[in-house]
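Residue numbers (numbering that gives the first Met the number 0), protein chains in the order written: chain A, 0 to 217; chain B, 0 to 743.
Quick caveat, the hints were computed from the structure, so don't treat them as lab data. Remember, it's a predicted structure, so these values are computed and weren't measured experimentally. It is possible that some hints are incorrect.
[Unchecked claim] Listed next, the in silico BS3-like pairs over lysine-lysine satisfying Cα-Cα at most 27 angstroms (straight line):
| no. | chain 1 | residue 1 | chain 2 | residue 2 |
| --- | --- | --- | --- | --- |
| 1 | B | K338 | A | K69 |
| 2 | A | K115 | B | K418 |
| 3 | B | K338 | A | K1 |
| 4 | A | K72 | A | K115 |
| 5 | B | K338 | A | K115 |
| 6 | A | K34 | B | K338 |
| 7 | A | K72 | B | K418 |
[To be verified] So the derived list for chain A, only partly shown, Cβ under 7 angstroms to chain B, looks like this:
| no. | residue |
| --- | --- |
| 8 | D15 |
| 9 | F23 |
| 10 | A26 |
| 11 | F50 |
| 12 | G53 |
| 13 | L56 |
| 14 | F109 |
| 15 | I110 |
| 16 | E112 |
| 17 | G132 |
| 18 | A133 |
| 19 | R197 |
| 20 | P201 |
| 21 | S205 |
| 22 | T206 |
Ideal Cβ positions, reconstructed from N, Cα and C, are used throughout, including at glycine.
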Amino acid sequence: MKFAVIQFPGSNCDQDVIHALRSFDGAEAEYVWHKSESLDGFDAVVVPGGFSFGDYLRTGAIARFSPIMKSVKNFAANGGVVLGICNGFQILCEAGLLPGALVRNRDLHFICEHVKLRVENAETRFTKAAQPGALLNIPIAHGEGCYFADDATLDELERNNQVLVRYDGVNPNGSCRNIAGICNREGNVFGLMPHPERACDPLLGSTDGRVIFQSLLS
Amino acid sequence: MSDPAITPEVIAKHGITPDEYERIKSILGREPNFTELGVFSVMWSEHCSYKNSKLELKKFPTTGPKVLVKAGEENAGVIDIGDGWAIAFKMESHNHPSAVEPFQGAATGVGGIIRDIFTMGARPVFSLNSLRFGPIDGDDAESKTNRRLFAGVVSGIAHYGNCIGIPTIGGEVYFDESYSGNPLVNVFNLGILRHEQIARGGAVGIGNPVFYVGAETGRDGLAGAAFASRELTEESKEDRPAVQVGDPFREKLLLEACLELLASGCVAGIQDMGAAGLTCSTCETASRGGTGVEIDLNLVPKREEGMTPYEILLSESQERMLVIVHKGQEATVREIFEKWDLPYAQIGEVKDDGMMRVREGDRVVVEIPARQLADEAPLYSREAAPKREIPALDLATVPELDPLESLPKLLAHPSIASKRWVWRQYDHMVRLGATVLPGSDAAVFVVREADKILAAATDCNAIYCRQDPREGARIAVAECCRNLACSGAVPLALTDNLNFGNPHKPENFLQLREAVEGMAEACRAFDTPVTGGNVSLYNESPIAAIDPTPTVGVVGLIADPKHITTSAFKQAGDAIILIGDLGHELGASHYLKVCHGRKEGAPPLLDYSHEIEVHNAVRALIRLGLVRSAHDCSEGGLAVAVAESCLAVEGAPLGASLAFTTNGLRADQALFNESQSRIVISTTRGNAAAVLALLEWRGVPARRLGEVTDQDSLTITVDGRAFDWKLASLHEAWAETIGRLMSS
Numbered sequence: 000m001k002f003a004v005i006q007f008p009g010s011n012c013d014q015d016v017i018h019a020l021r022s023f024d025g026a027e028a029e030y031v032w033h034k035s036e037s038l039d040g041f042d043a044v045v046v047p048g049g050f051s052f053g054d055y056l057r058t059g060a061i062a063r064f065s066p067i068m069k070s071v072k073n074f075a076a077n078g079g080v081v082l083g084i085c086n087g088f089q090i091l092c093e094a095g096l097l098p099g100a101l102v103r104n105r106d107l108h109f110i111c112e113h114v115k116l117r118v119e120n121a122e123t124r125f126t127k128a129a130q131p132g133a134l135l136n137i138p139i140a141h142g143e144g145c146y147f148a149d150d151a152t153l154d155e156l157e158r159n160n161q162v163l164v165r166y167d168g169v170n171p172n173g174s175c176r177n178i179a180g181i182c183n184r185e186g187n188v189f190g191l192m193p194h195p196e197r198a199c200d201p202l203l204g205s206t207d208g209r210v211i212f213q214s215l216l217s
Numbered sequence: 000m001s002d003p004a005i006t007p008e009v010i011a012k013h014g015i016t017p018d019e020y021e022r023i024k025s026i027l028g029r030e031p032n033f034t035e036l037g038v039f040s041v042m043w044s045e046h047c048s049y050k051n052s053k054l055e056l057k058k059f060p061t062t063g064p065k066v067l068v069k070a071g072e073e074n075a076g077v078i079d080i081g082d083g084w085a086i087a088f089k090m091e092s093h094n095h096p097s098a099v100e101p102f103q104g105a106a107t108g109v110g111g112i113i114r115d116i117f118t119m120g121a122r123p124v125f126s127l128n129s130l131r132f133g134p135i136d137g138d139d140a141e142s143k144t145n146r147r148l149f150a151g152v153v154s155g156i157a158h159y160g161n162c163i164g165i166p167t168i169g170g171e172v173y174f175d176e177s178y179s180g181n182p183l184v185n186v187f188n189l190g191i192l193r194h195e196q197i198a199r200g201g202a203v204g205i206g207n208p209v210f211y212v213g214a215e216t217g218r219d220g221l222a223g224a225a226f227a228s229r230e231l232t233e234e235s236k237e238d239r240p241a242v243q244v245g246d247p248f249r250e251k252l253l254l255e256a257c258l259e260l261l262a263s264g265c266v267a268g269i270q271d272m273g274a275a276g277l278t279c280s281t282c283e284t285a286s287r288g289g290t291g292v293e294i295d296l297n298l299v300p301k302r303e304e305g306m307t308p309y310e311i312l313l314s315e316s317q318e319r320m321l322v323i324v325h326k327g328q329e330a331t332v333r334e335i336f337e338k339w340d341l342p343y344a345q346i347g348e349v350k351d352d353g354m355m356r357v358r359e360g361d362r363v364v365v366e367i368p369a370r371q372l373a374d375e376a377p378l379y380s381r382e383a384a385p386k387r388e389i390p391a392l393d394l395a396t397v398p399e400l401d402p403l404e405s406l407p408k409l410l411a412h413p414s415i416a417s418k419r420w421v422w423r424q425y426d427h428m429v430r431l432g433a434t435v436l437p438g439s440d441a442a443v444f445v446v447r448e449a450d451k452i453l454a455a456a457t458d459c460n461a462i463y464c465r466q467d468p469r470e471g472a473r474i475a476v477a478e479c480c481r482n483l484a485c486s487g488a489v490p491l492a493l494t495d496n497l498n499f500g501n502p503h504k505p506e507n508f509l510q511l512r513e514a515v516e517g518m519a520e521a522c523r524a525f526d527t528p529v530t531g532g533n534v535s536l537y538n539e540s541p542i543a544a545i546d547p548t549p550t551v552g553v554v555g556l557i558a559d560p561k562h563i564t565t566s567a568f569k570q571a572g573d574a575i576i577l578i579g580d581l582g583h584e585l586g587a588s589h590y591l592k593v594c595h596g597r598k599e600g601a602p603p604l605l606d607y608s609h610e611i612e613v614h615n616a617v618r619a620l621i622r623l624g625l626v627r628s629a630h631d632c633s634e635g636g637l638a639v640a641v642a643e644s645c646l647a648v649e650g651a652p653l654g655a656s657l658a659f660t661t662n663g664l665r666a667d668q669a670l671f672n673e674s675q676s677r678i679v680i681s682t683t684r685g686n687a688a689a690v691l692a693l694l695e696w697r698g699v700p701a702r703r704l705g706e707v708t709d710q711d712s713l714t715i716t717v718d719g720r721a722f723d724w725k726l727a728s729l730h731e732a733w734a735e736t737i738g739r740l741m742s743s
């Protein structure tokens, strides 16, 4: 399976995602510069974390206009798998590929720490290798990770089982209904604030993030 | 616009003495114009020229088999770490800017040190910081100001480091009255490179084009280097224009573009524009290259209209670099900087006449011999006050307080309390390297590209340095190396940041000299050459000078991931062993300061050979797989060290039960003394006898103190007197104090 890892100016988890992906058998990963317009030959797209365009204006607000995003939208519309992590999640929301928005954390501080996630739906392309209800130890690192949407949208997300992971126990950032990650209605676009690529190596204290990539590869 | 006339007042306002002015005239063979006077004033400021400290700094050992680039040669020293890989690292201060504008002051400090590292051709991989503030625990205006400075500095560091994607993985924060109004912000960065990638900052190759790359020049940070070389006064707020404004996004692009440019092979020389901006980078590259550099200010990308040559040359706008390119390869610069959407311009070329020549179109506005400007600033050996004997602490004057109250009080002191509130705001995990969470003895980082494990720590106990700068500086080096040993590392090299008061005051100059000599001696003892660093003088608030704070940062290597060791206890039932003596010295201790309100007495004495034996012993035990946790005794002594090992456990803290006898020590003395060369380790019960036998065989004093428990208490029995603390209350004191103070 060949992954495209999109590089925007200001992306800074791109190298980490490539490093994590290449630790899996059967995964290839390559950078795709944001000014490129082609995703030919790729089987999946990862929009990595960082501060694309410096988070200026609003997180993800400028990146959505990059040339590559038109291809990412087409890729998704044709059923291709798209994973957005942290800033990537914010970009996918801004681009309209996922509903809702990410706003400033409840306590207004940037927060970097390990959190517990509960897998709410283990029947998607992104979570099928996990046990339903499994608890994952995966770190977050964001200043604007408070997921927000109106009640109607939230109800619809719940009804369609689009909430794939939820914060368990402590809600670190004030997200509505403890939401940490959601997918689109079709189930091929997934965005989450925690960083699974930072939980793929026992040296870093947790390998719980591997289950997301394993799901995509199996 | 005509320049102001050069009057004695204008000269004095530039911080140039009449003698220095005479020297300028003899270098030029004429009177300088106003712009040239500005150029000399920043280049000959303490910040750029080290004129008051250079004669002292020469006492540092700077060579060794692993040193690839020496201190002072380039922007940062470079050290070999094996297999063709090397590291470049350095520490730098942004004290004055942070005092008047904490957020931008600290943020641009981080930006500056990162540029120093990638200027060397290295990819920056992690940062540390060493911070000092006044007390934050009162309701008075001063405490409120200190809290504002602390919050601003931390968020400024977070802002810059998080955005640029370089993890901030450790450091230290202390709080003391002497830093009220004059906080210290020392930032450290380390980068990784292959030996053949070392980039040089020389303008070489006559006729090579000189490029300006990065952000446009504006009026921010005008003459910041000169500002940093003065005392802070009530009027310092007026100097806010001397503080730069940082843009970490621009720097991220600049970093990637410069590394790409360096990899292309088109670069002949590269130098960042930090202190003294365009001035410093042009004359230093010319001086290093033994050449001249001529630039045209009309070609410099500018943010504002109508800037004078004086303003352009003295601006400290951030995120800019000067690059000398091999002639004929100009297109590569264009291609890479257009890809990254960054400004670039060819502004001049390398000449053979040794001059820094600045034109504005056809008009020459500056013409100064580069070497004399960059490297021949006057050097001063200031008057040092005579040394005074420090009377040892008379224990009879120290009432014995109840340790049951003293321990929670020490743990709740912001200098000792958990700094989680701070490091939770820093992205310490990006780049997948931080294998040890911040808060342990040393930060540990796996450099993925090189497959090497580095450990790094910063240290300085300024109370010791206040009482005896020589001993305090020696201990700073020893403690830093001890912290590395506790994490399983062998120290390689050291960077320093010397924070002192006004050197014109003989008391202050004595402190500087004593600290440098003590540090130099310790660096020889621990075989850690100095790779560079920074001097920050004039750290004085309106009230007084700061306590002398010669901060050190030491980097070491861990040979095997199995050797990575942390300070937290691991399992109930493990034996707790003290390596080193019980100690007895309370002089200059935190117990004395926090519980008695006294900063006095001689600091503990350091015995190098004993200290080194202790480091070697703990490393040997770690390599044998016999150590489950290791934590050195520092501020607050044995009791605080053991409590921290209990409380640092992730999730639920572990308890401990200890009992020992002394040769007639007071209980407070036994628990809180800060004698050096002591490490508390834990090992499995089954290995305890082997550990003690090995230590005895090595001739290192050690004793079994007790064991780790799953009880909710820490119990220490001293000479039959049992002291028992509930873990929950210790945890609250230690873990929540800073967060509580900062949300009040």
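field: Index of numbered hints that the structure contradicts, given in increasing order
entry: Hint check: 4, 5, 7, 9, 10, 13, 17, 18, 20, 21 and 22 fail, others pass.
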